[in-house]
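So you can see what is in the structure, the chains are spelled out below.
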Amino acid sequence: EAQVTQNPRYLITVTGKKLTVTCSQNMNHEYMSWYRQDPGLGLRQIYYSMNVEVTDKGDVPEGYKVSRKEKRNFPLILESPSPNQTSLYFCASSFGGPSGYTFGSGTRLTVV
Amino acid sequence: EDQVTQSPEALRLQEGESSSLNCSYTVSGLRGLFWYRQDPGKGPEFLFTLYSAGEEKEKERLKATLTKKESFLHITAPKPEDSATYLCAYYGQNFVFGPGTRLSVLP
Numbered sequence: 002e003a004q005v006t007q008n009p010r011y012l013i014t015v016t017g018k019k020l021t022v023t024c025s026q027n028m029n030h031e032y033m034s035w036y037r038q039d040p041g042l043g044l045r046q047i048y049y050s051m052n053v054e055v056t057d058k059g060d061v062p063e064g065y066k067v068s069r070k071e072k073r074n075f076p077l078i079l080e081s082p083s084p085n086q087t088s089l090y091f092c093a094s095s096f097g098g099p100s101g102y103t104f105g106s107g108t109r110l111t112v113v
Numbered sequence: 145e146d147q148v149t150q151s152p153e154a155l156r157l158q159e160g161e162s163s164s165l166n167c168s169y170t171v172s173g174l175r176g177l178f179w180y181r182q183d184p185g186k187g188p189e190f191l192f193t194l195y196s197a198g199e200e201k202e203k204e205r206l207k208a209t210l211t212k213k214e215s216f217l218h219i220t221a222p223k224p225e226d227s228a229t230y231l232c233a234y235y236g237q238n239f240v241f242g243p244g245t246r247l248s249v250l251p
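Top line first, the protein sequences correspond to chains A and B. For the record, in the first sequence the residue sitting at position 52 is 53 according to the working numbering, with numbers rising by one throughout. For the record, in the second sequence the residue sitting at position 18 is 162 according to the working numbering, with numbers rising by one throughout.
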């Protein structure tokens with residue numbers, strides 16, 4: 002089944018404790034992206050990658066890091082999480098350009 | 145700044161009561177307009193892509209249309225299972241999502 006897999010689905014952590022949210026896709030998509038979704042603010046792009054070893058900032062990149070060492074994986078790293086990073090996070094992938102995204106199921110992160 | 149707005153913010157319909165959702169955008173160089181459905185706590189699910197004014201796409205009770213500055217998602221004879229948040233997004237230089245319309249269909 003074609004899908005984007007994110008882990009974990011739920012995560013509660015403390016301020017300052019480094020964490021990684023994994024994302025993997027099995028559709029050979031070149032384009033991958035991370036979004037956060039907050040009530041009243043909609044989906045906002047954090048980082049995106051157009052291909053292996055090519056990443057770029059989206060609209061809200063502060064406090065996040067990404068890497069794209071392999072085509073299928075695009076982990077999101079929070080080096081020192083803060084409470085304002087409490088949110089619902091989605092990984093998405095596509096063939097690139099104006100083609101529709103396939104989204105993961107989401108990771109609900111709470112930073113206390 | 146490129147923007148996407150959606151109206152109404154929320155919509156309640158009786159089962160079978162047809163209606164339309166609106167997506168308006170200010171953008172230069174539109175390369176694609178997308179509609180997604182999102183159920184609570186889940187990732188958005190792709191519905192349609194529209195590329196040029198005048199284009200229409202249909203899927204079951206849903207029909208999406210596109211003009212130069214807006215898109216409509218028409219819902220014909222909706223059922224309770226159509227209840228969800230509907231998101232539109234445009235692709236110019238990058239994707240920009242609208243805030244969504246929360247649709248509730250009452251039996």
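By construction, these hints were calculated from the structure, which means they are not laboratory data. Cβ coordinates follow ideal geometry from the N, Cα and C atoms, glycine included. Keep in mind that the hints are not guaranteed to be accurate.
[Claimed, not checked] Restraint-style ranges between C-beta atoms, simulated for each label pair:
no.: 1; chain 1: B; residue 1: 175; chain 2: A; residue 2: 72; range: 20 to 30 Å
no.: 2; chain 1: A; residue 1: 84; chain 2: B; residue 2: 159; range: 35 to 45 Å
no.: 3; chain 1: B; residue 1: 156; chain 2: A; residue 2: 70; range: 20 to 30 Å
no.: 4; chain 1: B; residue 1: 248; chain 2: A; residue 2: 18; range: 20 to 30 Å
[As the list claims (entries may be wrong)] Computed cross-link-like contacts, DSS-like style, restricted to lysine-lysine with a CA-CA straight-line distance of at most 30 Å:
no.: 5; chain 1: B; residue 1: 212; chain 2: A; residue 2: 58
no.: 6; chain 1: A; residue 1: 72; chain 2: A; residue 2: 58
no.: 7; chain 1: B; residue 1: 223; chain 2: B; residue 2: 203
no.: 8; chain 1: B; residue 1: 213; chain 2: B; residue 2: 203
no.: 9; chain 1: A; residue 1: 19; chain 2: A; residue 2: 58
no.: 10; chain 1: A; residue 1: 70; chain 2: B; residue 2: 213
no.: 11; chain 1: B; residue 1: 213; chain 2: B; residue 2: 201
no.: 12; chain 1: A; residue 1: 19; chain 2: A; residue 2: 66
no.: 13; chain 1: A; residue 1: 66; chain 2: B; residue 2: 186
no.: 14; chain 1: B; residue 1: 186; chain 2: B; residue 2: 207
no.: 15; chain 1: A; residue 1: 18; chain 2: A; residue 2: 70
no.: 16; chain 1: A; residue 1: 66; chain 2: A; residue 2: 18
no.: 17; chain 1: A; residue 1: 19; chain 2: A; residue 2: 70
no.: 18; chain 1: A; residue 1: 18; chain 2: A; residue 2: 58
no.: 19; chain 1: B; residue 1: 201; chain 2: B; residue 2: 186
no.: 20; chain 1: A; residue 1: 18; chain 2: B; residue 2: 186
no.: 21; chain 1: A; residue 1: 19; chain 2: B; residue 2: 186
no.: 22; chain 1: A; residue 1: 72; chain 2: B; residue 2: 186
no.: 23; chain 1: B; residue 1: 207; chain 2: B; residue 2: 223
no.: 24; chain 1: B; residue 1: 223; chain 2: B; residue 2: 201
no.: 25; chain 1: B; residue 1: 223; chain 2: B; residue 2: 186
no.: 26; chain 1: B; residue 1: 223; chain 2: A; residue 2: 58
no.: 27; chain 1: B; residue 1: 213; chain 2: A; residue 2: 58
[Said to hold, decoys possible] Sample of chain A residues with no beta-carbon within 12 Å of chain B, all distances over it, derived:
no.: 28; residue: 5
no.: 29; residue: 34
no.: 30; residue: 72
no.: 31; residue: 89
no.: 32; residue: 93
So if I understand the rule, the pair passes when the alpha-carbon distance is 30 Å or less; does residue 19 (chain A) with residue 58 (chain A) pass?
Given pair residue 19 (chain A), residue 58 (chain A) holds - Cα atoms ~20 Å apart, limit 30 Å.
Between residue 18 (chain A) and residue 70 (chain A), does the CA-CA distance stay at or below 30 Å?
holds (24 Å)
Verify the CB-CB distance for residue 248 (chain B) and residue 18 (chain A) against the hinted window 20 to 30 Å.
violated (39 Å)
Run the distance test for residue 207 (chain B) versus residue 223 (chain B): straight-line Cα separation, threshold 30 Å.
Holds, because 15 Å separates the two Cα atoms, which is no more than 30 Å.
Given the hint that residue 213 (chain B) pairs with residue 58 (chain A), test it: the Cα-Cα distance must not exceed 30 Å.
holds (27 Å)
At the C-beta level, are residue 156 (chain B) and residue 70 (chain A) separated by a distance inside 20 to 30 Å?
violated (47 Å)
Please work out if residue 186 (chain B) and residue 207 (chain B) have their alpha carbons no farther apart than 30 Å.
holds (23 Å)
Mind checking the alpha carbons of residue 19 (chain A) and residue 70 (chain A) for me, to see if they're no more than 30 Å apart?
holds (20 Å)
Assess, step by step, whether the Cα of residue 18 (chain A) is no farther than 30 Å from the Cα of residue 186 (chain B), and give holds or violated.
Holds. Residue 18 (chain A) to residue 186 (chain B) sits at ~26 Å (cutoff 30 Å).
With the threshold set at 30 Å, check whether the alpha-carbon distance from residue 66 (chain A) to residue 186 (chain B) stays at or below it.
holds (24 Å)
Has the given pair, residue 213 (chain B) with residue 203 (chain B), been kept, meaning a C-alpha gap of at most 30 Å?
Holds, because 22 Å separates the two Cα atoms, which is no more than 30 Å.
Since residue 89 (chain A) was said not to touch the interface, does its Cβ keep a gap of more than 12 Å from each Cβ of chain B?
violated (8 Å)
The structure fails to meet hints 3, 4, 10, 26, 28, 29, 31, 32 from the earlier list, while all remaining hints are met.
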